[in-house]
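Undergrad: So you can see what is in the structure, the chains are spelled out below.
There are 2 protein chains.
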Amino acid sequence: MIYTVTVNPALDYVMQLKKVDAGSVNRSNDCQFLAGGKGINVSQILNQLDVDNTAWGFVGGFTGKELVRQLNVKKIESDFVTISDDTRVNVKVHAQKETEINAAGPKIDEQEITAFKARLDDLNEGDIVVLSGSLAPSLPTDFYEQLLPTIREAGAEFAIDTTGEALLATLKYHPLVIKPNHHELAALFNTSFANDQEMLEAAKKLLDMGAQNVMISMAGDGAYLVTKDHIYYACAAVGTAVNSVGAGDSMIAGFVGTYYKTHDVVEALKVGSACGGATAFTEDIAVKSQIDTVLPQITVE
Amino acid sequence: MIYTVTVNPALDYVMQLKKVDAGSVNRSNDCQFLAGGKGINVSQILNQLDVDNTAWGFVGGFTGKELVRQLNVKKIESDFVTISDDTRVNVKVHAQKETEINAAGPKIDEQEITAFKARLDDLNEGDIVVLSGSLAPSLPTDFYEQLLPTIREAGAEFAIDTTGEALLATLKYHPLVIKPNHHELAALFNTSFANDQEMLEAAKKLLDMGAQNVMISMAGDGAYLVTKDHIYYACAAVGTAVNSVGAGDSMIAGFVGTYYKTHDVVEALKVGSACGGATAFTEDIAVKSQIDTVLPQITVE
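As given, the protein sequences belong to chains A and B, one line each in that order. According to our numbering, the first sequence is numbered sequentially starting from 1. According to our numbering, the second sequence is numbered sequentially starting from 1001.
No wet-lab data here; the hints were simulated from the structure. Every residue gets a Cβ at the ideal spot worked out from N, C-alpha and C, and that includes glycine. It is possible that some hints are incorrect.
Which stretches of chain A does chain B cover? Using the computed rule of at least three CB atoms under 8 Å from a CB of chain B, they are [to be verified]:
hint : stretch
1    : 19-28
2    : 63-72
3    : 95-101
Okay, the calculated beta carbon distance ranges per label pair [unchecked claim]:
hint : chain 1 : residue 1 : chain 2 : residue 2 : range
4    : B       : HIS1094   : A       : GLN111    : 29 to 37 Å
5    : A       : SER24     : B       : GLN1212   : 33 to 41 Å
6    : A       : SER24     : B       : VAL1242   : 12 to 20 Å
7    : A       : SER24     : B       : ALA1186   : 21 to 29 Å
8    : A       : ARG152    : B       : VAL1242   : 56 to 64 Å
9    : A       : VAL287    : B       : SER1289   : 54 to 62 Å
10   : B       : GLU1198   : A       : VAL25     : 28 to 36 Å
11   : A       : VAL25     : B       : GLY1220   : 18 to 26 Å
Build the full structure now, drawing on both the sequences and the hints.
TA: Printed below as a string of structure tokens:
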């Protein structure tokens, strides 16, 4: 089983209108609530790849109930901890410009955190936990790190999508894969890269610090996968990127889901690149047919 | 019993933040959902005046459930028709300026309209129905008018807060009270008033067309009540108006609630003016103590 973790999911309230006049009353005839969150995106792609998975995290209130209802409609399995505060609602206004107002997120108390940690008792050897997305403001900043010893003791793997110090702190627990993009990788070492060689040296340092695999995503320039033994390069699919938001989540889902089934990192890189590309080319998270269209374009060397 | 009608209620999502940058991702740490609607405002004031009342209208989906839950918390009795579409959510952004984006409202089908009309079977002689607020876009434009014969046949009274042709169409059913403000009254007759005398003549025309009482609200300039026999003037309370939105609803609630208890139009005008003033002076709908503070200031001549 793969478990995805979204600690601060959101209902996105998407409002379409021609024009917003600041300071006035405006009207929209097209509004909808959509369940969102990076871990939920990962679950959605795993479903498309036919990989059993369960979404973990915290939900609460009438907004949390609606979020779970929407996941049920999409047949995304979930086992969230129910909290007393409400799941946040982010507003996305699509008018002259796309403007977002995101809410911080709910209060999560000690008892609710304890209930979440008890979910880890379900883990078995070979399971993979995918940790992604920002923390709710009331969670301790080392929340992800606190989970890692238990995950590893259960014989499970984990993948993590975070940046900076929070990412570095997880390396000693040997993440199955981390996916900094080329900018994030440079920022990790407070530097900039003159060429790919320097970038790959930096990725090797992350291996030395404990990562099992480092995937470097470079959007339209493809992706590298740096392992103990080898450096692989996957070309990018050809298409027009309209959506960068879920592409990274899709890439991780493709890698982790394929690794879970095959234990083949090259195949995982290939499918990961296809999923990332397919989502980048669509307005939403890619579905199976879209991934299948992109997959033959990806070659790995 | 008084019944208030809110056919297109809303959950207002109020987001506080310092500044919104259009085209960017903004963050708010203070967001809340509040049940809103003109008829609901009337119910809230009636509760403060200890007048039994029930809120009627249409609610649906997870947002409608939350709206009813909030009314229950405030001890506002309701008997809404449940519809399959979702109750709308309006976004109120309090940043550099106050900007609103209102949603149009749900689809309401024939069966749901029929279910609403069946609510009128509950009416008894002496009951009052207060019709206020805009129609949901899928309702027929003469929706209010369609209800009036049944209301009158039951021996019940009605008050209506609407404008223009929609208001004029109701006069032949003898509304207990209508409350155009001085601008709306002039617009009804496509004119402007040189003095109070002309304004009062216009109000008398509305009596001739069928209204039982015409209340003319003039904000800080007080209010007139024009009846068959007499013209009364109520002075305005002294205070700083911070909120015009719910003041009209409060004035109607004060008038109707007091008339229901006393059948005394002068007392009704007095309490109506006090409720309108008290709400105008507060950020929310006034509570009993605020109404009681304003009431002694209102004199009627």
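Undergrad: If you look at each residue in the stretch 63-72 of chain A, do at least three have a Cβ nearer than 8 Å to any Cβ of chain B?
TA: holds (count 4)
Undergrad: Does the stretch 19-28 of chain A contain three or more residues whose Cβ lies closer than 8 Å to a Cβ of chain B?
TA: Held - the stretch 19-28 of chain A has 9 residues with a Cβ nearer than 8 Å to chain B, which meets the minimum of three.
Undergrad: Tell me whether the statement that chain B covers the stretch 95-101 of chain A is true, taking a Cβ distance below 8 Å and needing three residues at minimum.
TA: holds (count 6)
Undergrad: Range first: 54 to 62 Å. Now tell me if the beta carbons of A/VAL287 and B/SER1289 are that far apart.
TA: holds (58 Å)
Undergrad: Can you let me know if the beta-carbon spacing of A/SER24 and B/GLN1212 is within 33 to 41 Å?
TA: holds (37 Å)
Undergrad: Range first: 56 to 64 Å. Now tell me if the beta carbons of A/ARG152 and B/VAL1242 are that far apart.
TA: With a Cβ separation near 58 Å, A/ARG152 and B/VAL1242 satisfy 56 to 64 Å, so the hint holds.
Undergrad: Do A/SER24 and B/ALA1186 keep their Cβ atoms within the hinted range of 21 to 29 Å?
TA: This hint holds: roughly 24 Å between Cβ atoms.
Undergrad: Is the hinted range of 28 to 36 Å satisfied by the C-beta distance from B/GLU1198 to A/VAL25?
TA: holds (31 Å)
Undergrad: CB of A/SER24 to CB of B/VAL1242, is that within 12 to 20 Å?
TA: holds (19 Å)
Undergrad: Is it true that the C-beta distance of B/HIS1094 to A/GLN111 lies inside 29 to 37 Å, as the hint says?
TA: Since B/HIS1094 and A/GLN111 have Cβ atoms about 33 Å apart, the given range 29 to 37 Å holds.
Undergrad: Does the hinted range 18 to 26 Å hold for A/VAL25 and B/GLY1220 at CB?
TA: holds (23 Å)
Checked against the numbered hints above, the structure breaks none of them.
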